[in-house]
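Since the structure of chain A is provided, determine the placement of chains B, C and D on it from the hints.
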Amino acid sequence: MIAHVWLVPALPLLAAILVSAAGQRSARLAGSITTGAVFFSLIMALNVLAGLISTPGVEQVSMVWLRSAGNLSMELGMLVDPLSVIMLVIVCFISLMVQIYSLGYMAGDKGITRYFSFMSFFTFSMLGLVLANNLITLYMFWELVGLSSYLLIGFWYHKPEAADAAKKAFIVTRFGDLGFLIGILVLAYFLNTFNILEVGEAVKDGRLTGQWSTIVALLIFAGAAGKSAQFPLHVWLPDAMEGPTPVSALIHAATMVAAGVFLVARLFPVFAASETALMIIAYLGGFTALLAATVACVQNDIKRILAYSTMSQLGYMMMALGCRDYIAGMFHLTTHAVFKALLFLAAGSVIHAIHTNDIRQMGGLGPRLKITAATMLVAALALSGIPPFSGFFSKDAILMGIWAAGRMDLLMVGIVTAFLTTFYVFRLWIVVFAGHPAEKKRQAHESPWIMAIPLMVLALLALSLGWLGENFRHFISASWGAPQVGEAPHHRLIPMFAFLASLAGFGWAYLVYFKKTISARLLARRFAGTYKLLERKYYIDEIYIFLVRQGMFVFSRGLAWFDRYVVDGMVNRVGEFFRLAGKGTRLLQVGRLQAYLLAFFLGLVVIMVSVLMTHPEIMEIIKSK
Amino acid sequence: MSISLTHYLVLSTVLFALGLYGVFTRRNAVALLLAVELIMLAVALNFTAGAQFWGKPGGLIFAIFIITIAAAEAAVGLALVIAIYRNQKDVDLDRLTILRW
Amino acid sequence: MATIIGFYLLALLAIGAGIMLVNSRNLLHALLGLAVASLAVAGLMLGLRAEFLALVLVLIYVGAVVVLGVFAVMLTGHFEKSVLPPSNELKILGGGTALALLVLVTGVILIQPLPPDAVPAQVPIQKLGVLLMTDYVLPFELVSVLLLAVLVGAIVIARGKED
Amino acid sequence: MLLSFLLAVPVITALVIMFLPRERTTWPRWVALTGTVMTLIISCRILLGYDLGAAGFQLGEARELLPALGIKYAVAVDGMGLVMIILTAVIIFCGVLASWEVQERPQEFFAFLLVLVTGVFGVFMARDLFLFFLFYELAVLPMYLLIGIWGTGAKEYSAMKLTIYLMAGSALMLVGILALYFGGGGYGHSFLLDDIARQSFSRNFQAIVFPVLFLGFGILAGFWPFHTWSPDGHASAPTAVSMLHAGVLMKLGAFGIIRLGLELLPAGAQMWAPYLVVFTLINIVYGALVAMAQTDLKYVVAYSSVSHMGIVLLGICALHPVALNGAVLQMFSHGIMTGLFFALVGMIYGRTHTRDIREMGGLGRRTPYLALAFIIAGLVSLGLPGFSGFIAEILVFIGAFKVYPWLTIIAVTGILFTAIYILRVVQKIFFGPEKDKFENLKDANLMEKACLAILMLILLGVGVYPAMLVNIINTSVTSMAAVWGGTP
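Protein chains in written order, with the numbering used here: chain A, 1 to 625; chain B, 1001 to 1101; chain C, 2001 to 2163; chain D, 3001 to 3488.
Chain A with its partners taken away, still in its complex shape (with noise of 0.2 Å):
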């Protein structure tokens, strides 16, 4: 079964690595070679899953790849067990619905063949990603995600915004990535091996004294917070929103944000190791999710609003795992793709309908846009945790894994989230679908099937992916290093105050959108302060460009004036020094030979007479001669 894996993400690389050879040449065809080498991708990962099911296991394979003396040896390796697998069919799928969809929504752009060979790269780091073994093949694949990310938010890079999207992505993601180098130098320091199961197995064993487990633990989940937009390293991601929509949809959705949820899964027993940390991981996500919620309730961009939500579903994710809840995590972390790729997607059917991101602007597009809206609102149903769509499930198994590790004031952001969560989402759906159209939006019409069918497909999926839950359950508890749990907790009323707080929100929204009972414009006045802070999302962004701007930038360009002035400065005062000594000792040369024979003779005198008065028995030496 593993003897073929490795073919999952070779598929896509190669698809690739062909189309950007072609180049130009290869417009027309290379949607449909990268669209084909993920179909396959797919099928042979649904073929992997199949046989992961039948024969539970963890089986891993590695190659070296160097080796170095000093007793270092670095490999390429794959580690198959059913997190992996998991991970595999959902970025096979998100990616095979989002480039299908391309193929629609990017029709005609210049870059075409740009697009789909970076999707395909983004495809194969993300699989590499997924499958890696060690730690060395999983920071590369790392890098390589955000590196594909950065490619594609800076897409349209002759815009600016979308040039400074990419640039900030990176080096933010590239902030918490520190942390997680770091992390691995420390556990190259002590364990010597960068094998993920013999980490694992040495962290068990206590080999990872002390403090070391902790500062480990919370090193690698910086990398986890950045690439997952968690607080205060989730600047990047609204303005990720710059890139391509399928973009957001796969990468800023589905995908590779979740790596540093998948992060933290695969490298669960280093976590687990550290109670500090863990309990970090919990209130970070916590807070990150409510912070996001709040902030998502007040953002006009219809992209923004899923992204900001996005963070927010993903701080409901650490939660869980900050919990040991290794299960709930992933399995939020599944259902989490489907439904916000689909909300992605579908907002890029409205964007591509009338070609504006912004809500205002938008209204009473649902008669229009029917399969659209029909979708998007499974998708909505979904992300507030209505019954019985899937996102009900997953979010209900995440409270409570809180409410089993006792985190009442957790399990108490959660229901908050969920009433924040079903208000925005609502909001987005009522503005944009319902109400009058406005008049010159009358002519948007829906998009073409090829774009429509992933939506189909996608809903589907939203609605029903919920009611594997306990198979689920059942087989991703075999993966290598889930905490040995026995039965789900449960609780009666949780799902039932998380349904109210959910109704709560959706009503609320109702009232305030659809019947405008209550006018948003005045809660606006009312609560301005508040309201501008949340628009302002709480002035993050400013401090951190404050920070950049008046801290790091204005330090560079100090040591750019002390190198110039003061170290280069000096070098030249040593020129100077020498020159001016030329020019004083240029003034002995009188330039008359006669001068100079003179001195040399004079000098021949000095010579001599101080050689017979220091050393009298020159004399003696003479005199015997």
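Just so you know, the hints here were simulated from the structure itself, not pulled from any lab data. Fair warning: there could be bad hints in the mix.
Mimicking DMTMM-like on lysine to aspartate or glutamate, the simulated pairs with C-alpha atoms at most 25 Å apart in a straight line are [what the hints assert, rightly or not]:
| # | chain 1 | residue 1 | chain 2 | residue 2 |
| --- | --- | --- | --- | --- |
| 1 | A | Lys159 | D | Asp3443 |
| 2 | A | Lys110 | D | Glu3434 |
| 3 | D | Lys3155 | A | Asp358 |
Here is chains B, C and D on its own, set in the frame of chain A:
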């Protein structure tokens, strides 16, 4: 008491020192060259005396060479003086300071 | 006794001529000084029984160098107003240095015990010729090349540009 | 004889170029290209001829040169030298391609370039210290003329500064070499490295001589605070010279530190390394931060070299086999990368006639190939996996971390700053709306494409399969690590 090697050596040293003094102090190029010739003369005398007193004819050969070279030097030196004179209409060494840049 | 007196006379003559050479403000007097000094040294060489050398010295120094000097004096326009500028300001320093050197070298000569004086004997001219053609043939050839170079060089330098 | 051939080919090519008819202005570059292709072939042949299993110095040749002084013509390569030779052959080949359009005195230009390369080859293979020094000077001196005549901007100033600075380094180095020559005593006076290596220098001797050598070589390697010659020099130098300079010459310094400092004076190295490490950290972080504030593209790249050479020096000063492996690999990787960078800067300058980043923008649309190459160079620079820079840096970090954990963390932050300035530059030059004045820019021509493609492919190849180089470097590092003995 007879005339020994020492006498000749001292004499040639005196002549050498005189020539050196001339080289240091003369401001005319021709006069300077003449002083150089005096130095050569002293050296030739020195060699001859040494060769004769020690009975080594090699010294005489050297004296011959020195005289030859002195002549050659005089020829080139005076040619240079003439060339300089043609360029500068002057052979005053105090004003010949083109070495100084 | 006669040799002693002869030596001192010739030595004084050479020194006197040398002083004239370096001090006279008349170039022709300086030239005369060189000629006299050469003759005196040639005389000393005769006393040393190096007759051939004395002959060569007179021929070359008096016959060639001094004549060349006369030409140079004439060509550089010092023939009529052959009053030299006074010697330069290095007089004291230069004199001092020369004197110091004189004292030092003389001192060394005087302290050093020289080998017992062999009586200078005449070296037959044939022997000199043989030596030049055998042991010293390389320097001999080199000097001949040098002379050739000087010949050419002096002509080229003195002739100046054709214009 | 291969090694002697390698030395002879550039010299002969240079001579041939000098005797070409002056009016044929295109001939020199073709001859130079032929010569460099030959060096490339010979160096590949050397690579194939090197027996990895046997390790150590191979393909040696030795002849007496001046027996009275113990000077020999002795050359041989080990793994480290081999990697550097290949680097040099690649860079000079691409450098000739990149200077295809040199119009002013092409004969002298290419001849000097080739003479310089001879010196570089010589240093990498010399087994005799006298020879080492000779070739070292041969490599440094043509730089003066190359920058002074074919440079741009304040070229005379830069050339003078660079040469004098490097001469100061050579002077220190010469002192060190003479100390090695006279210091041992036991084997008579010999410049032969093998003889010197057999002597056991006293601790005091090592403690004095090591810093002298380190400083002498460090100046060439861009060691802070003696790095300021490099930005000015690079900025003024013509494209190919910048490539060679940053790509190869700065490596000579690091190579010298390893060859003479670490191999011959291990105790001195151990004594001084803990202090020197601090400076290398400054190199890394400071270089990156200063690069961030630059507006001239060449200065950005030059300061990035300072930062990257800091990583090399860190790898050396860690005195750990893994880190040293990484350092040598980084020398190779940075050599190729910075060659690519300077080639690109030259090409961009040739099109836009400005090097001011602020004046550029939106070039990506007209010159996609240049943009691709620049982004790849940038990615290598910021240590992206899949390219050679990553593996070199991570090896250095892993090794250094085992010795100086806390200090290494500071060094690691350097790669964040690198990412910031690289992406900033990429964005400012290639992204954003296109400016009107750049409407008629042409993308890379065939020669330029070839030059860039070779460099990019090497970076990618080494990044994907680093073992091919690391295995070679390992052979040297293993023997060196054995000398340190007790080091962890």
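- Message: Let me make sure I understand: some of the numbered hints might not hold for this structure. Which ones are they, in numerical order?
- Response: 3
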